[in-house]
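Chain by chain, the residues:
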Amino acid sequence: MRRILVGIASIALVAAGCSPSNPDGESSGGGASRLTIGTTADVVNYNPLLGNSRTDTWVTNLMYPRLMSMDMEGKRTPYLATKWEYADGGKTAKVTLRDDFTWSDGTKVTADDVIYTIDAVAKEKIGIVAGLIPSYTNATAVSPTEIDFHLSQPDGTFLDNVGFWMPVVPKHVFEKAPSVQKFANDSNWVSAGPYKLETVERGQRYVLKRVDNYPLVDGGKPAAQEVVFRVFPDVNTEALALRNGEIDLIANAVPPALAKTLDGNDKIKTVKVPSLGWAHMQYNVQRKPLDRLEVRQALAAAVDYEAIRRVALQGSAVSSNSSVLTPTLKQWQDTSAKEYTYDTTKAKQLLTGAGYKDGNGDGLLDGLSFRMIYDQADPNIAKWAQLVRDSAKEAGIDIKLEGLERNTYVAKYQERDYDIYAGSWAIMDNPPANLALAFKCKGFINYANACDPALDKLIDEARGKLEQADQKPIIQQAAKMITDQVYDNVLYVEEFTIAHSAQWSGFLTQPSELLSIVNPQSIAQAKKG
Amino acid sequence: MTVTESPGRLTFEAFRRNPLGPISVAVLLLMGVVAVAAPLIADYPRGYGEDVLAPPSGTHWFGTDDLGRDVFAQVVWGTRVSIVVGLAASLLAIVVGVLVGVAAAYFKHADAALGVVVDLSLSLPVLPLMILVAALAGPSVPTLVVVIAVFSWPEVARVVRAQGLAVVPLPYVSASHALGGSHLWIIRKHVLPGVAPVVAVSVVLTTSRAVLAEAGLSFLGLGDPDSWSWGAILHNAQRSGSLATAWWTTLFPSLAILLLVVSATLVAVVYNDARDPRTR
Amino acid sequence: MGGSARFMVRRLLRGLLTLWFAATVTFFLLRLLPGDPALAVADPTMTEELYADLLRDYGLDKSLPVQYWHFLAQLAQGNLGVSFRQNQPVLDILLERLPWTLLLAGSSLLVTMVVGIPLGVLAATRAKGLLDRLIQVGGITGQSLFVPSVGVLLLYLFGVRLGWLPIGGAMDDDVTGLAAYASIAKHLILPCLSLVLVQLGSYVLTLRSTLIEALGEDYCRLARAKGLPNRRVVWRHALRNALLPTTTLVGLQLGFLVGGAVLTESIYAYPGVGRAIYDAVAQLDFPVLQGAFIMLAFTVIVANLVTDLAYGVLDPRVRAS
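Chains as they are written, first to last, in this note's numbering: chain Z, 1 to 529; chain S, 1001 to 1280; chain A, 2001 to 2321.
Chain Z on its own, in the form it takes in the complex:
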């Protein structure tokens, strides 16, 4: 008996010896209000200039300001910047900043920080931002709150791009690192948001405490004293925690099926947030026979758009009428756009008209077999990919599904190794800039491999214009061309369901899962009761 006990004791000793240490506890004091937010992934990277996971963005957004924010229509609104305009025929962009933003170590946020950030991005070619500001040359600080950006050519997309996409980092902290790109920024955070990061327990929680002087909330003091992000790898457990009141908000969009069950619960409120991107299929026009318009039109006619939205997305999606100008971007949307009609008979007619026949009587037209790649980890696409395949079969088209794991998927689409590409954009908020990258010849994200000189001309023309009102008609023309030529089959725009406890209110909704109700202004003004 003794021996058994010794055996048990030795194991227990090992376990106890390695037991986790106590956290430094500072009790938040009585009456403290804490907003607990659930997320499914850890923060991987604290450097806001290096894009990574959603959790990274949610947390760093609460720490580093951007020049502009966005309203529900995708239009830029003031944040760190108060006003902005073009001058010199578009070769200079002038921005005026607020003077009441301070870094958490007391230093003021000034034009120097902004210029430092954009110079670092341009010099080291950091991330997507670098790709969005190709015309930037240099900038001068006219005063601590005024900046003149100098461009190599008139570029009507510059301000919107740099305003929304580039977070501003503190020069006096980041310049100490040999390279901004390699700067981990994983401790001693100096930030200028409504909350500052205090404690990190990786795999468990991220604790942020409020600051007393955030200019964008009434009174300067955010309502909730503390914001805690708690990590739940399993969305089912996360939902249970919300139902139980252990967390107050789930930052990641709730899967449609789960959203329906939460709707009926009166302790929980759900908010619908439109996506700023879209889900689509693109046909590789550099591969035969996808270079033929009739084939692409037939493929477009062989998709049951309604069923996809109703069943695969459970109604959490809206139609974009097959246009790349989605309903979320109200200031760009072309209301005359119409969705491709789902008609398998018409599809078959188009194909037989183009000369395809069914030689062996297997119901499939010969020579029409396509490989479609998608990220198998994406639950939505994995579902509608099957629907697409099944309805295409009725039109005599054979689609072979290739659900790939992420690395292989990325490798294949970068090499354009597919017939059909299925995927989704998270944010495509600025059509003149986005269409250039996505549809111009050799564009970085041109997955249709489209190379249409007429289209390129339209896009360049739009980019040269400095006012949105002038860009709009040209962009709409370009979008119509994309639809007519089936360079992009836009299936739907997702509507995310964000769930939060009914005890909290005051959130400010913005589009896209990256902002939704966890954007800095929203969190700063959220209150309990």
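Bear in mind the hints are in silico, worked out from the structure with no lab data behind them. As the structure is a prediction and not an experimental result, all values here were calculated from the model. Incorrect hints may appear among the rest.
Distance condition first, Cα-Cα at most 25 Å in a straight line; then the derived SDA-like pairs of lysine to any residue [as the list claims (entries may be wrong)]: (1) Lys267/Z with Gly2163/A; (2) Lys400/Z with Lys457/Z; (3) Lys2128/A with Phe1015/S.
Take a look, some chain S residues computed to stay more than 10 Å from chain Z by CB distance [claimed, not checked]: (4) Leu1053; (5) Gly1181; (6) Gly1221; (7) Ser1227.
Cβ atoms here follow ideal geometry from the backbone N, Cα and C, with glycine treated the same way.
For this one, chain Z is given, so just place chains S and A on it according to the hints.
Here is chains S and A on its own, set in the frame of chain Z:
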């Protein structure tokens, strides 16, 4: 003088007497029938249905999943994949395990080295390794079969070796040797039949463990996305957030796994008890 | 060298051998499988220069024996590589998580043994009786349960429906001292219970069969013939001997436990090594997967070693074998 019954007959009688034995065999046979006759029982789950996440009802005995597909059909077709993967993996493991176990029992020199290999393999945490390998090799049914087999054979080898060590010193084996029988012949004629009962039990036990392993790997997303298996049904439920809300998507595949594994194990246990004169 | 010292050295060497075996298995697996072995160290989506640099660092441009040597050398220094997704050394990531997994596995093992030993004894001494049958069926059912399903069921029942226990996580923040330990314990109950329910079955069954065998052995019959009360025979003699193979059993149990921890920790959002594995699978973060396996193997080996040594020190017969 009384005529004693053959050991086989005694085993059979003892097996029959224990109610758990025949019941478990019946359940296993039923599942086998379901696996083979799947097309006759339910349509292959594909496409989508209008009734999404509907609880069990007259039309859908096990309810529907997040795409409106019938869960009963999924479980029925899943029986096929789960059993096939389990059986294939276990047979592969058996073949390797028997080879190694018999070799270790018969060839004394090999025993030291092989014994060490088996022992070492047994002391490693297997699931993380299976995960690593499956993630690397990519998700597909053949990969799963091989991965599970590769990590199940040591257990078989251990058991076969133990039994073999009891058989090899027996008089008739050394007699055969003295009579000039070749190693291979002796193994085939005497050793293999001697370890056969243990192997039979091993097949059943390894299959049930393989089914659990497959469910685990599929649940983590390492299974074959094109085939239905019980683990895949659960993976789907987990991903779509219905694991804790639509209880039918979780309960029925879990029950299926439980039923198969329990029956298989019971058969093995009751058979073992029936075989051993001390516990008959 | 004295008998016990020789014994300890032998066990230690055996432990080292197993560790080497685990490392070697990992190394060759990654290189013999279809798929790019470079995936183990370098993320293909990183820039070309970085990729080439990493490959050079790991000697993947050299011959296999050189790579193997390099791999072992790195391992001996505690270098398990760098995570693809987290820009951090794998060792740091895992060391942060290890205490939680040890706590979970250790407590599960403890509870399993405390509950399992009496049950096993009960079943063996009343073999073929109703109680034995019940325990047998219970044990078999237990070991056939699918861990995630059990986890979700318990969470729903105790977390939501009854509201007795917290949902997910390892502890609350803002607690110190006694309250901290209480919080840890509260969060530990459900994951531990999930593992125990599955683990208990196989433990009781194995104990039962070894006990039945031991009870049939000569020395037990001799003890009974000597007139010793049955209870004494069971507890003192048979159990002690039946527990000796428990050392191997503990190793097997621990191996299973840390494996089962992967599924449990993901459901319960418990921040252990199993969670790290779960996250790494979704992101195909191979250095973490590989490092986690080696670390877990190491843990199991050390635990085995400790129990072996403890028994060896106390029971001279084990030393002599």
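We went through each hint and held it up to the structure:
1. Among the hinted pairs, Lys267/Z with Gly2163/A is consistent with the structure: their alpha-carbon atoms are about 15 Å apart, no more than 25 Å.
2. As the CA atoms of Lys400/Z and Lys457/Z are separated by approximately 35 Å, the hinted pair breaks the 25 Å bound.
3. With a C-alpha separation of about 13 Å, the suggested pairing of Lys2128/A with Phe1015/S holds against the 25 Å cut-off.
4. With a cut of 10 Å on Cβ distances, Leu1053/S falls inside the contact zone with chain Z, its closest approach being about 5 Å.
5. In this structure Gly1181/S is separated from chain Z by more than 10 Å, as the shortest Cβ-Cβ distance comes to about 47 Å.
6. Its beta-carbon lying about 7 Å from the closest one in chain Z, Gly1221/S breaks the requirement of being farther than 10 Å from that chain.
7. Against chain Z, the non-interface label of Ser1227/S holds: every CB pair exceeds 10 Å, the least being about 12 Å.
Of the numbered hints given earlier, the model fails hints 2, 4 and 6; all others are met.
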